[in-house]
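Asks: One-letter residues, chain by chain:
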Amino acid sequence: MNKLALSDEILLTIEKPARYIGNEINMARKDSEEIDVRFAMCFPDVYEIGMSYLGIQILYDMFNQWEGVYCERVYSPWVDLDAIMREQNIPLFALESQDPIKKFDFLGITIQYEMCYTNILQILDLSQIPIMANERTEEDPIVIGGGPCTYNPEPLADFFDLFYIGEGETSYKDLIETYRKMKKSGKSRKEFLIQCAQIPGIYVPSLYDVTYHSDGTIKSFEPNIENIPKRVMKQVVKDVSKTYYPSKPVVPFIKVTQDRVVLEIMRGCIRGCRFCQAGMIYRPTRERNVELLKKYAYEMLKNTGYHEISLSSLSSSDYSDLDELLLYLIEEFKGKGVNISLPSLRIDSFSLDVMSKVQDVRKSSLTFAPEAGTQRLRNVINKGLTEEIILEGAGQAFEGGWTKVKLYFMLGLPTETEEDMRGIAELSEKIAERYYQIPKEKRNGKCQIVASSSFFVPKPFTPFQWFSMCTKEEFLNRAKIVNNAMKEQLNKKSIKYNWHEADLTVLEGVLARGDRKLGKTILEAYKNGCLYDSWTEFFHNQYWMDAFEKTGLDINFYTVRQRDFGELLPWDFIDIGVTKEFLIREYKKAEEEIITPNCKTQCSGCGANIFEGGICNEH
Amino acid sequence: MNIRIKFRKYGSMKFIGHLDIMRYFQKAMRRAEIDICYSEGYSPHQIMSFAAPLGVGITSDGEYLDIEVHSVSNSKDSIEQLNQVMAEGIEVTEFVKLPEKAQNAMSIVAAADYTVSFRKGYELDFPWDDDFDSFMKQNSIKILKKTKKSEKEVDIKPLIYSYQINDDKINFQLAAGSANNLKPELIMEAFGNYLNYEFAAFTFCIHRREIYANIGEDEKLSLVPLGDLGDNIE
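So the protein sequences, as listed, match chains A and B. Under UniProt numbering, residues 1 to 619 are what the first sequence spells out, in order. Under UniProt numbering, residues 1 to 234 are what the second sequence spells out, in order.
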C-alpha cells in the first residue's frame, strides 16, 4: 500500500484530504530503482484548479513515457494544510511517491496567471527550497518555470533557475539529457545552468544583467557571460498531429473545475484580436488531424470513464473540420450517456442545431464576446464580430427557444470614449428588443441578458503592449457609466450588468508588464501574508500596497505609463516569431480603426512563418 | 436485470468521501464497460444506488451498491473486469444477480458489523476489557443526541446487537439503516463517559466488516449479508 506524507490525524482534520493522497486512476507509477531523473510538476493553485489544466496532463504523460524519468504532481496546499505544514515543519511533497519535493532533480512550475505569483513562493517555501534562486545549492532542485506568464518572466526572475519559453513538447528531452550528462560528470549547478542557456527556448535569468535609466526604464539587457544567445526563441510544435497527447489522463477522485475529457483540437488563433496575448504568442495556428481527434476522444473516454467531453482551443469555430468532429462525437457517444460540452461557438444555424442536440435549450445560455460596445472600438481591437452578426445569431437562437444570453465586454480599451461605454448598454438593449419581437405566444416568458465587463490589461507581445492602462478609479468610473446607461434602457429588467474587481486588475497590470525590480515587491507581499490572490476571499490589496510602499516602486510606472516604441521592454529578449514591426503596424492600424484580416483570409506577415508550421504553411 | 456489487475500501481510499465514491463507481462502470442502464433525459445518469454511506476515515470489507444492467457475462468475469480498472484501495469481491422483486440495498439495511481498534500510539495504558464488559452490562446506555435544535437523551443499548472483545479490538454488530442507525464512535464516547476518561481525538480506527438485511418476520431478527440475497451468475 502507498505510504502517505501526511498522518491520518492531519488528513482527517483538513478539508478534502483527497487533494493530497494521490493514487488517482491513471496516475503514473514507477519503480524508484529505475529512475534517475525526478521531475515535480507544479500548478501553483489548489488541486481542483491545477488538475483541470490540460498542459500538465500533456507534459506528465510525455515525461512518464521516457525511460528513467519520473514526473510527479504537486499543487498548492490549501490554507488549512498550509498552516499545519508550517507549524509542524512538514516539507511539501509530490502526490505520486509522497516524497519531499526538495529531494527531486527538477521542480517545474506552470505560470498561468499573474495572481498566482505569491503561491509560487509558497510552493518554494513549503518545499524548504530557498526562495531566491541565488541562494540554492547543489542539493536543491532546479526550479523551472513555464506557461503563458513566462512570456514576460522578469518579475519572477529572482525565484527561478530557468524558464522554458514556449511549448513543452520540444526542448525538454534536450534539457533532461543535458542534466544527466552534467550529473554524471559531476558538474556544478552553475555549469549546468550555463549549458542550459544553449538549449533553444531556455532562459537562465541569472546569466543576464539589466541596467536602468534614471527614469526607471531599461537601459540594457545583456548576457553576463560569453557564448550564450542574446535572444531566446519561443518553442513551437510544428505538427500538432505528430506529438504527445495523453490517452490516459489522470482522473481525480474529487470534483475538479474541468471534470471531463478535454480534447485540444487546435493551437493558436487566426483572428489576431489586438488585446489578446494568446492570439499572438501561440502563433502559428495549428490544427490537429480530425481522424486523430476521433481516436483520442474514444480512447480518453474509455480510459477515464468520464461522462463528458469538451473541445479546447482559442476559437473552435475556426477549426476546419469542426462539423465533422461534432457530428461524430454526438453520433458515437450521445447514446452512451456521454455529454458533449460545447466550447463557445460562433452562433449560426449549424452551431444552434448542434447545441439543440446536446443541451437543454431552455436551460442553456448563448455566449457572445463582442468585447466592445461600438463597431468603431471593435475595429480598434480587431474583433471581427459585428452587430449584424450578433443580432442575427441571437435572433435565430431566440426563435429556436433559447432565452439566455451572456455577453462579454472589456472596459478601458485604448481610445475608448463614453459613446463606446454606453454602447455596451445599447447593444444589450438591442438584443433584448430582438427577443421581444417574437410574438408573445411563441416565446418562453422573459429573456435574460447578462453583460459582464472585465477591465483591460495591456499584455506583452500584443499590439497594445505600449498603451496606458486605466487607474482603478478610472475603471470604476467607466463601469459606473455603463451601469447608468443600462438603467436607461427600455428592457432594463431583462438585462443584468456586472463588472470585475478593479484592485486585482491593477496588480495584474503591474505584474504583466513588470520588470525585475518587482521581484522584491512580490517577496514582500508574500511575507505580508499574500497567498491565493486570485481567490477573492483571500485577496488583501492592502498587503500589496504595503509591499509597493516598502520596496519603493510606483504602480503607475507599470500601469498608466504610455511606453514609446523605442523603449527597451522587459520581455524584448524573447523572440516569439511575431515581430515588433508587425506589432507596431497593428498598433497604428488600431489608432486608425482599420481591421486586419484573419490568417485564413490573408497573411499579414506577422513573422510567425519562421516556424514553418500550421496555417503559415498553407499559404 | 439488477445486480448487487460488494466491495472493500481500504488504505488511502478511506479518505474519499461517499459522494466521491459514487462518482468514482460511475466512472469505473464506464471504464470496465459494464452494460449499465441509464435514465432518460439530457443528462442521463446510471441506475445505481449504494447501501449505506461510509464516513471518511473508515475502512470496510463489506460495502454494497446495486446497479441495473442490460446484460452481463458472468460474476467471475465481471468482478475481474471491474477490478482491472479499480484504484488501489477499492476491490470488488462479489457481483450477484438479484431476484426480480428484490428491494434496493439502501431500503433493506438493518445491521452492520464493525471492528473498533486503537490507533497506533493511542492505546490505553490500563486494562479496559472488564470495564467494557461492565459498561455493556448496564440496563441502559444513555447518550445525548444532539440535533440542530435540541439535545435528547437516548438509550443506545437496544441498538447494540452483540459485541466481543478480541485482541484489544472490539467487534460489534449494530443496528444500521434509515430507522435506527448506530455509529460505533458513539458507543466509544459513551464508554469514555462511563470510565470518566476522555479519549483523545483520532483514538479509534473503525472498520466496517459487513452490512445485513433483516429477513426475520415481526419482532424476530434474522440477519443475512446483503450479498447473500443475490445469486452468482455462472
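Hints may be right or wrong, so weigh each one.
Here are the simulated lysine to aspartate or glutamate pairs, EDC-like style, with alpha carbons at most 16 Å apart [to be verified]:
{"id": "1", "chain 1": "A", "residue 1": "K336", "chain 2": "B", "residue 2": "E40"}
{"id": "2", "chain 1": "A", "residue 1": "K302", "chain 2": "B", "residue 2": "E33"}
{"id": "3", "chain 1": "A", "residue 1": "K336", "chain 2": "B", "residue 2": "D131"}
{"id": "4", "chain 1": "B", "residue 1": "K9", "chain 2": "A", "residue 2": "E24"}
{"id": "5", "chain 1": "A", "residue 1": "K357", "chain 2": "B", "residue 2": "E33"}
{"id": "6", "chain 1": "B", "residue 1": "K27", "chain 2": "A", "residue 2": "E308"}
Quick caveat, the hints were computed from the structure, so don't treat them as lab data. Remember, predicted model here, so these are calculated numbers, not experimental data.
Asks: Look at each hint and say if it fits the structure.
Replies: Cross-check of the supplied hints:
1. A:K336 / B:E40: holds, 11 Å
2. A:K302 / B:E33: Judged against 16 Å, a Cα distance of about 8 Å means the pair holds.
3. A:K336 / B:D131: Distance ~58 Å between K336 (chain A) and D131 (chain B) Cα, so the pair is violated.
4. B:K9 / A:E24: Distance ~14 Å between K9 (chain B) and E24 (chain A) Cα, so the pair holds.
5. A:K357 / B:E33: Answer violated: K357 (chain A) to E33 (chain B) is near 25 Å, above 16 Å.
6. B:K27 / A:E308: Distance of about 11 Å is within 16 Å: holds.
Violated hints for the displayed structure, listed by number in ascending order: 3, 5.
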